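Chemist: As a plain string of letters, each chain reads:
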Amino acid sequence: MITLTQGIMVSIFAIIAGADFWLEGFYIFRPMIVCTVTGMLLGDLRLGIVAGGLTELAFAGLTPVGGTQPPNPIMAGIMTVVLAHTTGHTPTTAIGLSLPFSILMQYIILFFYSAFSLLTKKLDEYADQAETGKFARLVITPTVIVSVVYGLFTFLCIYAAQAPMKGLVNAMPTWLSHGFEIAGGILPAVGFAMLLKSMLKGKYVPYLLLGFTAACFIKFGNLMPVAVIGIALAMIEFERAKNNRDTQQKLREVEENVANGGEEDGI
Amino acid sequence: MASKHTGKLTKKDIRMVGVRSIWNQSAMNYQRMQADGWTLAILPALKKIYGDDKKGLSDAIKGNLQFMNTNNYAAPLLMGLELSLEENGEDRETIDGLRVALFGPLAGIGDAITWFTILPIVAGITASFAKQGSILGPLLFFIVYLLLFLARIPIAQLGYSAGSKAVSQIRKDSAIVSHAASVLGCTVIGGLIATYVQITVKSKIAVTSTTTISIQKQFFDNIFPNILPLGYTFVLYYLVKKKNVSPVMLIIITFVLAIICSWLGIL
Chain A
1 MITLTQGIMV
11 SIFAIIAGAD
21 FWLEGFYIFR
31 PMIVCTVTGM
41 LLGDLRLGIV
51 AGGLTELAFA
61 GLTPVGGTQP
71 PNPIMAGIMT
81 VVLAHTTGHT
91 PTTAIGLSLP
101 FSILMQYIIL
111 FFYSAFSLLT
121 KKLDEYADQA
131 ETGKFARLVI
141 TPTVIVSVVY
151 GLFTFLCIYA
161 AQAPMKGLVN
171 AMPTWLSHGF
181 EIAGGILPAV
191 GFAMLLKSML
201 KGKYVPYLLL
211 GFTAACFIKF
221 GNLMPVAVIG
231 IALAMIEFER
241 AKNNRDTQQK
251 LREVEENVAN
261 GGEEDGI
Chain B
1 MASKHTGKLT
11 KKDIRMVGVR
21 SIWNQSAMNY
31 QRMQADGWTL
41 AILPALKKIY
51 GDDKKGLSDA
61 IKGNLQFMNT
71 NNYAAPLLMG
81 LELSLEENGE
91 DRETIDGLRV
101 ALFGPLAGIG
111 DAITWFTILP
121 IVAGITASFA
131 KQGSILGPLL
141 FFIVYLLLFL
151 ARIPIAQLGY
161 SAGSKAVSQI
171 RKDSAIVSHA
181 ASVLGCTVIG
191 GLIATYVQIT
201 VKSKIAVTST
211 TTISIQKQFF
221 DNIFPNILPL
231 GYTFVLYYLV
241 KKKNVSPVML
251 IIITFVLAII
261 CSWLGIL
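Residue numbers (my numbering), protein chains in the order written: chain A, 1 to 267; chain B, 1 to 267.
Looking at chain B on its own, in the form it has when it is part of the complex (with noise of 0.2 Å):
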C-alpha cells in the first residue's frame, strides 16, 4: 500500500499546482471557507494519484473538502506538502489531520509576511512616487506582485520536497518569522504613520490685537512633529482592539470628526 501511487506526479505536475493555487478562493463561503476552492487547485494531481481508483479519488476529494482558510501565499506550500503524502500513500486520517494541524499556522505566518509586512512597505515606498504623478509607483507595485504570483511555483514545489519532515520545522519556525516580520512591519507602521496622517490645526490664538499664535506651529510642532497623526492613529487603535469597534465604524468617527472641525475652522 505505502509505495503504491509513488513517482507519479511531475516536476510540471508540482510547477501547476503552484499555478493553480489561484483557484484557492474560488468558492469562499462561510461554511468551509477555502476547502473548494483549494480541492479544485490540486484536482488535477489528485486525479493523477489515483488514477482508475475511483474510491480513493472520492475519498480524497471529500478529505479535502474540510474547513480551510489559510493564507493566499502559504496555500501553494501546504499543498505540494499533502500531495507528498498523498503520493506516499499515507492513510487518509494522517493526511487531512496534518492539514488541519497546518493551516492555522501557516496562515499566521502568511499573513504576518504578505499583508502586514510586504503590503506596508510596498504601499509606503510606492505611494511615494506616485503622490507625485510618477508611473513608476503603480508599475513597481505590479512588478512586486507579479513576482510574488511567480513565487507561488518555488512555493510549491518547497512544500512537496519538504514532505513530512517540514511538518516540525514549520512549527519550530514560525513563531520566531511571525516575531522578526512584526519587528518590520511595526516599524515601517511607524514611518507610515509619520509620513502619510496628515492632521494640520489650522486654528490660531490671538496675542494682541497684532500677533497670533498658530496653534499647530508654535504649540504641536514644538512638542514633537506629528503628533497627532500618532495620537489619532492611537485613540482608533484603542477603539478597534478595546472596544472592538468595526472599521466601518472607525470610518464614520473619522468623517464626522472631520466635518465638524471643517465646519468650526479648527482643520
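Bound conformation, chain A alone (with noise of 0.2 Å):
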C-alpha cells in the first residue's frame, strides 16, 4: 500500500530524476539511484538497494548514445520497488512487470523529441535580435515540462492506479510470475547485446572470451579482477596501436621520399 505521502514524495523525486535523465547530468536518473531512493522513501532501503542492484545491470546497455531513446531507466527503477514493496513479489519478477510502464515513459520522451523541433523558430528569431533573456528561458522550459511530466506519470502509476494494478498482478497464475522472474534473470543480456552493438568488432571477440572465461572461474564477489584484466589489456593494446601507427607514419614518409627522388630520376 503506498500512502499519499510517499506518492507524492517519489513523485517529487521523479521530477528531480526526469530533469536529470533529460539533461545526463548526475546520474542519479540511474536504477542504482532510483531504486535506493525509492526504497527509502518507502521506508524500504534494503529491498530498494538489491532492486537497484539487478536492475541496474538489466539496464547497463539500454544507454541514450547518439540521441537514441531507451525504454526508459526512472520508471523501471520506480515501478521494480513499488511493485516488489506493495505485491510481495520478488525484485527480479518485478523488473519484467515494470517495463511496460518504462517503455510507455520511453515513447512519451520520443514524442517530446519531435515536439520541440517546434520551438527552434522562434529560437531563431530570438537568436536574430540577440534576445539572450528570452532566448534563455525558451531553451530550459523543455527541461521544465518533462520534468513536470515525469511527476505526473509517476504519481499517476503508482498511487491513483495503485489498487487495479495490485489485483492485476496478484492475480497472476504461478507460471505467469515464474515466467517474469526468469525474464528478469535473462534482461541483462539485453543490455549486453545492445552494448556489444555499438562495440563488438572481429577484432574485439578474444577480449569479450577472456573477460568471460575469467569471470567464470575467477571467484571473487565483484568484478573487480575482471577490470583489472581488462584495463592491462588496454594498455597493451594503446601501446601496440601507437607503435603501430607511428610506423607506419614513418614508413609513409620513407615511401614518399623514394617515390619523389624517384621522379627527380626520372626528369
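No lab work stands behind these hints: they were computed from the structure.
Please read all numbers here as calculations on a predicted model, not as lab measurements.
Fair warning: there could be bad hints in the mix.
Claimed, not checked - Non-contacting residues of chain B with respect to chain A, defined by C-beta distances greater than 12 Å in every case (computed):
| # | residue |
| --- | --- |
| 1 | 8 |
| 2 | 59 |
| 3 | 85 |
| 4 | 100 |
| 5 | 170 |
| 6 | 187 |
| 7 | 205 |
| 8 | 210 |
| 9 | 213 |
Stated by the list, open to error - Covered stretches of chain A (chain B as the covering partner; in silico rule of three or more C-beta atoms under 8 Å from a C-beta of chain B):
| # | stretch |
| --- | --- |
| 10 | 20-28 |
| 11 | 48-56 |
| 12 | 96-107 |
| 13 | 128-136 |
| 14 | 162-172 |
| 15 | 185-193 |
| 16 | 240-246 |
Beta carbons: idealized from backbone N, C-alpha and C, even for Gly.
Combine both chains into one complex, guided by the hints.
Modeler: Dropping the structure here:
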C-alpha cells in the first residue's frame, strides 16, 4: 500500500531524476540510485538497494547514445521497487512487471523530441535579435515540461492506479509470475547485446571471451579482477596501436621520399 | 580584427562553461538535437566576448544553432575549444566548420569511454555490493558520477587552453583511445555476461526409474559454465546487429520465451 505522502514524495523525486535524465547530469536517473531512493522513501531501504543492483544491470546496455532513447530507466527503477514492495514479489519478478511503464515513458520522451523541434523557429528569431534573456528562458522550458510530466506520470502509476494494478498482479497464475522472474534474470542479456552492437568488432571477440572465462573461474565477490585484466589488456593494446601508427607514418614518409626521389631521377 | 576579443574570458568564465555544459540537452529535439542547449551553455561567455557588438553576438548565436550531437562529457571540451577561437576573433566559417567537424569524432570517443566502458564497470562492481543489500553499492555509484560531473570543469579548461592545436591531436588520437576503451569494455562485458545473466535449466531426464540426469548440472555445466547466458546474448546480438531488431522487440522476445519455458517447466 502506497500512502498519499509516499506517492507525493516519490513523484517529487521522479521530477528531479527526470530532469537529470533529460540533461544527463549527475546520473541519479540510473536504476541504482532511483531504486535506492524509492526504497528509502517507502521505508524499505534494503529492498531498494537490492532492486537497484538488479535493475541497473538489466539496463546496463540500454543507453541514450547518439540521441536514441532507451526504455526509461527511471520508471523501471521506481516501478520495480513499488511493485516488489506492494505485491510481495521478488525484485527480479518486479523488473519484468515494471517494463510496460518503462516503455510507455520511452515513447513519451520520443514524442517530446519531435514536439520540441517546433521551438527552433522562435529560438532563431531571438538569436536574430540577440535577445539572450528570452532565448535562455525558452531553451530551459523543455526541461521543465519534461520534469513535470515525470512527476505526474509517476503519481498516476504508483498512487492513483495502485488498486487495479495490485489486483492484476495478484491474479497472475504461478507459471506467469515465475516466467516474469526468469525473464528478469535473463534481461541483462538484452542490455549486453545492445552494448555489443555498438562495440563488438571481430577483433574484439578475443577480449570478450577472455573476460567471460575469467569471470567464470575467478571466484570473487565482484567484477574488479576482470576489470583489472581489462585495463591491463587495454594498456597493452594502446601502446601497440600507437607504435603501429608511428611506424606506419614513418613508412609513409620514407615511401614519399623514395617516390619523390624517383620522380626527380626520371626527369 | 584578429585580437579584438582576446583576454575577455577569465578562468572563472571557463570553469562556469564546464558547469553550464549541463544545459547541453536542455532543448533536445530531432531537428538539431543539442544545438539549442549547447548555445545556452556558452551564452554568457559569448555575451562577454562580443560585449556591445549585437551583430557579432547574433551571428555567433546563429552560427551555434546548427545541428549538434555529441557526448555530454566531450561537450565541455569542444565548448572550451570553440570559445578560445571566438576570443581570438577567428572568422565565423572557421569556428563553425571546426565545431561541425569535431562533434562526431568526439561523440565516438566520449561514448566509448563513458557509456561503453565506465558505466558497465561501475554498474558491474557496485551491483555486486547492492545485490547483497549493501549501501556501499549505490553510494559508490553516486560518488563516481559526482566526480565525473566535476570533471567537466577541467575538461572545459583543457579544451580552452589546447585551442586550435587540439584539433589535429583529437583527430590523430581518437581512434587509438577508442580502440583501447573498446578492449577494456569488451573484456568487462564478457565478465558481466558470465556473472549476471541467469539461465538455469530445471528439466531432468529419467535414466532409470530411480536415477535422473539434470540437464543443467550434468550436461551444460560440464561443457562450460554459463554457456547458456553467453549463447543467448549472442543470439540477441545477432538479431540486433544483423536483423536490426529494436531493443523493445528483444525484451518482448525474451519475455515470451521465458513465459513459455516457465509454463513448460523447462526453466
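Chemist: Run every hint past the structure and note whether it holds.
Modeler: The hints, checked one at a time:
no. : hint    : verdict
1   : 8       : 16 Å, holds
2   : 59      : 9 Å, violated
3   : 85      : 19 Å, holds
4   : 100     : 16 Å, holds
5   : 170     : 15 Å, holds
6   : 187     : 3 Å, violated
7   : 205     : 20 Å, holds
8   : 210     : 28 Å, holds
9   : 213     : 22 Å, holds
10  : 20-28   : holds (count 7)
11  : 48-56   : holds (count 6)
12  : 96-107  : holds (count 4)
13  : 128-136 : holds (count 6)
14  : 162-172 : violated (count 0)
15  : 185-193 : holds (count 8)
16  : 240-246 : holds (count 3)
Hint compliance for this structure: hints 2, 6, 14 are not met, and every other hint is.
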